[in-house]
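2 protein chains.
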Amino acid sequence: IPLSRTTRCACIKISDRPVHRRSLEKIEMIPASQSCPRVEIIATMKKNGEKRCLNPESQTIQNLLKAISKQR
Amino acid sequence: IPLSRTTRCACIKISDRPVHRRSLEKIEMIPASQSCPRVEIIATMKKNGEKRCLNPESQTIQNLLKAISKQR
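For the record, the sequence lines run as chains A and B. Using the working numbering, the letters of the first sequence correspond one by one to residues 74 to 145. Using the working numbering, the letters of the second sequence correspond one by one to residues 74 to 145.
Chain copies aren't distinguished; within one or between two, either way the pair holds.
Below, computed lysine to aspartate or glutamate pairings styled on EDC-like, alpha-carbon distance capped at 20 Å:
| # | residue 1 | residue 2 |
| --- | --- | --- |
| 1 | K143 | D89 |
| 2 | K143 | E101 |
| 3 | K119 | E98 |
| 4 | K139 | E101 |
| 5 | K120 | E101 |
| 6 | K120 | D89 |
FYI, nobody ran anything at the bench for these hints, they're computed from the structure. Model, not experiment: these values are computed from the prediction.
My request is simple: use the sequences and hints to build the entire structure.
Shown next, in the form of structure tokens:
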């Protein structure tokens, strides 16, 4: 994924599948920039290291990000 | 940083320095888990690729995460 970052977006396709907080290894957020005009949110799954692009416009995903960032 | 993830937290020290949205290459959020009992938020800087651990308990950081995730 990072290879193409200088010329375009990392995410080609946004996943619609539900994502469970406990199955996440990590979440990457790449701010909008000249190389990609929209924010990209990439989840890495614990099980197999699979990466999935999440939809930042989804309220479910916004709630997930909020919940993770506020864990103590 | 990821090398030690199986046994402990990635962040040893939390940065207090202000972080500007435009200087960020990406943000990683690692949910709390058995290997680390607290969420970790790691910023990678555009300029030099430097990684900095941010404080999830800071309202400024929470606002930053929210602002980035809602960019269109």
